[in-house]
Amino acid sequence: MNSSQGTAWHGEKIPEFEPHLIRYAFHLLRNSELARDAVQDTFERFLKQSQEKVEANLRAWLFTVCRNRCFDLRKKEKKMQPIDTVQDKPPLATGPSAFSALAKKEDRQTLRQFLLALAEQEQEVVRLKFQSDCSYREISDITGLSQSHVGVTIHRALTKMRIAAKKKGGAQ
Amino acid sequence: MNVSNQDPRITAYALGEMSEEEQQAFEAELSVNPELVQEIDEIQALAAALQEELKAEPLPEMKSPTSPMADVVKPDFGTPSRAFKPLATAFAACLVAVIGVRVLDLSDTGSSVPDLHQEEPMVTPPPLVSTVSPQSKKEEGVGVLDVLDEVTVGESEITGGARGKSTTKAMAEGKAQGIAGVTSARGAGPVPKAEKVVRKKIPASSPLEMAAEGQDQAAPELAYHFKGLNGTSGALPGGFTIGQKARLGKAHSRTRALKSKQMMMAPPPPGEAFNREDYDPLPESDFRKSVDTPLSTFSVDVDTAAYSNMRRFLDQGRLPPKDSVRIEEMVNYFRYNYPAPPPKSDAPFSTNVEIVPCPWKEGHYLARIGLRGQAIDLKNRPAANLVFLLDVSGSMNQANKLPLLKKSLGLLLAQLTSRDRVAIVVYAGASGLVLPSTSVSEEKKILAALARLSAGGSTNGGAGIHLAYDIAKDHFVKDGINRVILATDGDFNVGTSSRGELERLIVEKAKSGVFLSVLGFGMGNYQDASLELLSGKGNGNYAYIDSMLEAQKALVEQFGATMVTIARDVKIQVEFNPAKVGSYRLIGYENRRLAARDFNDDKKDAGEIGAGHTVTALYELVPPALAGKSEVDPLKYQKKASPNTDAGSEEWMTVKLRYKPAVKPAAGQADVSRLLEFPVTQSVGSFAAASSDTRFATAVAGFGMLLRGSTHKGSWSYDSVYDVASRAAGNDKAGHRRGLIELILKAKRLSQQ
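As you go down the protein sequences, you meet chains A and B in turn. Note that the numbering used here has the first sequence beginning at 1, numbered continuously upward. Note that the numbering used here has the second sequence beginning at 1, numbered continuously upward.
Chain A with its partners taken away, still in its complex shape (with noise of 0.2 angstroms):
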């Protein structure tokens, strides 16, 4: 195996981040072509790395670099749009929850709702944080924010969050 190939480490890595990737690109994107064009030009870019180079600090790299390719391809498709007018929402995940007495309570639906109503960068956040399993520290380093800025992010959002469960709990 020739390293510039990327080894067998490499070969594990890619599967584990790739859905991560994706659904973190196509959050930037809004498109699922671009957002795999992003991730498989972030995977190129990983296969070349060796790793000793990115394995420390592995998950915050893979998401940089996708971040910024995501950037890239943006300004290149002129795809700035709003969100609300997006067409291509991710669908709904199926089954019922296991764990989590809000997700119970509250129809998922809504959940998705608030989440949309967040800021974009609020959502990029959370999304790197809950979905993609970042650490705050792990965030700072892919957005560039400031870790306590990362912090008071995802608090505001969370809270926001709470906000609008507990008046629409209340409403009915």
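Please keep in mind that the hints were generated in silico from the structure rather than gathered at the bench. It is possible that part of the hints are untrue.
Reference excerpt, derived from the structure (chain B facing chain A, CB under 10 angstroms, subset only) [stated by the list, open to error]: (1) 8; (2) 14; (3) 16; (4) 17; (5) 34; (6) 37; (7) 42; (8) 43; (9) 49; (10) 54; (11) 55; (12) 316; (13) 318.
Stretch by stretch, here's where chain B covers chain A in the computed footprint (C-beta under 8 angstroms, at least three residues) [as the list claims (entries may be wrong)]: (14) 124 to 132; (15) 143 to 157.
Every value quoted in this text rests on a predicted model; they were computed, and no experiment measured them. Backbone N, C-alpha and C define an ideal beta-carbon position, used for all residues, glycine too.
On the provided structure of chain A, position chain B as indicated by the hints.
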């Protein structure tokens, strides 16, 4: 509500994003603001819901397929030239052919777990071309396996049209070329992805989910003792629920990742690499001359982890690391129908030996030694006192770890009755008792405690082990099942973590008469070696759980074998008759070997046999004519041992067994072993005439030898293994043997690249 609910620290705290110092400071503030506990609760509930929702979010292209086929026939051909050809598909090699229905959703987080063997209904092994011998297959270049390749091609043609063929090739090429293929495969049509599966939740009546509903009433009643790493214990603000308390101990989740990040620029210290799996080197044993070493001694091994671990690798599209393949564990993964011991027999197990011609080496023979433990009637089994010792450290925070663990233990709980007791101890940065020993009549309470567990922190296994054994001893049931069930990925990285220390700790604890079961979970930093060692030293057994199917096997089908020990320290010693056996080789058991003198030494630890367990060992035997002369120089001062009259008999060998009864004698009385002896005379004329159990065990061992790249594999190839295994599968209700046959096909394809 309160000024400080504006404080972003509350979210950071709830999400486990604080450093230890921050956390301590914040907890001090919390104790004067008990209303914030509610806030934390809410944030965590929202976080869990978000996590679940976002992780279950289908990949953009997918339109929530209702049937797998619908997905196959409706690919989006209108995609621009750069359609993505994900590498994941190459790794999930067989998925193209399989596009399976994932029956069980293993994760409450919803991320996809490669769990291909569950898709078995879709993989119809090709019809056996049984008239073609392995030899002629090779010559013609068309093997049974090629039939399956054709099937695969056919399937992908549906999706990718003419390009399907190259797609298939890329996939079949697996990891190595699959990576290079990322560019070359561009432009291929859309390919069904690993995520494209129909998700079906476990029916809502599953005990665990019901518990999640009932947890609100149950949880506050649960006692909780908390002990920090520094040994201080303190009362926590009231109203905390279990999950949060567990987190309070060390809310610093993903410590490992964080640590690695901090070391980003510096090379990681030894043993701290981000992703590592650890296997001890396992050199294969060679032939021994019966004249030089007439005795072969080893401890039984009833672990099965190496098999499921090997399967995990193959399912991911890689050949397993050679040292991870322990042939005896692969062979012992399967149940064999050896005759049960007669109901009134003294010995708790039966012994059964079969000698057959060796299929991979002309002129050689195989001896298969099979033990079968007395089965017990589960209705009349002794009461159980179980302590679940659960790893909830950050490294367990993956779909195929903690969520699978919770569901697996749900299965186990369903086997218990109101006579039994269960306690739950968790360990992460600190360890704590989540559920004191509770009668199973209060099952809801137990399930609720399980459902509440969440992962975070580093792993201090040692402290947890102490606590778990203490609880097991406090509730010791005389003549009952007293067992600590350790569920972990084995990545102990805080506190007692050196192997030597862990070993001493567990040896000490095992003296209490409490047995140990180790359930291994997950991958990436899976520490196989530590876990095997722990189970070995702790009078225990060891299984690797990678799916609900595996949990079902280890905890339900083989409940008796896993839980009820019927014989301790079981050792086998075989004396070969040099007149019949020139040299011999024990297949597998490399790290279970004992010195000949250890056989009679009751202080030497050995393996345990569970109720209904079968244990199988295979020897490859070489007749004296082919074995050659002694390799040792004649002795100067002693006469060389010469054959006596027994050597002239028809006996090939004598199998001797030593075991101790399951129940330890009271203190002060000697813990003495008993001896059984069986001379073996019979042999079977041809391999084909051997029992299907022997043939199947031989196929498994041969498969293991191929995976290990053994120098002793003789004429055998994956084709021959496939041939023997598929003919010997016999009555395979649970489908485990069919599972092996699929793995052989996968390994063959991977090995051809």
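Structure-based check of each hint:
no. : hint       : verdict
1   : 8          : holds (4 angstroms)
2   : 14         : holds (9 angstroms)
3   : 16         : holds (9 angstroms)
4   : 17         : holds (5 angstroms)
5   : 34         : violated (19 angstroms)
6   : 37         : violated (15 angstroms)
7   : 42         : holds (6 angstroms)
8   : 43         : holds (6 angstroms)
9   : 49         : holds (4 angstroms)
10  : 54         : holds (4 angstroms)
11  : 55         : holds (6 angstroms)
12  : 316        : holds (7 angstroms)
13  : 318        : holds (7 angstroms)
14  : 124 to 132 : holds (count 5)
15  : 143 to 157 : holds (count 6)
Of the numbered hints listed earlier, those contradicted by the structure are 5 and 6.
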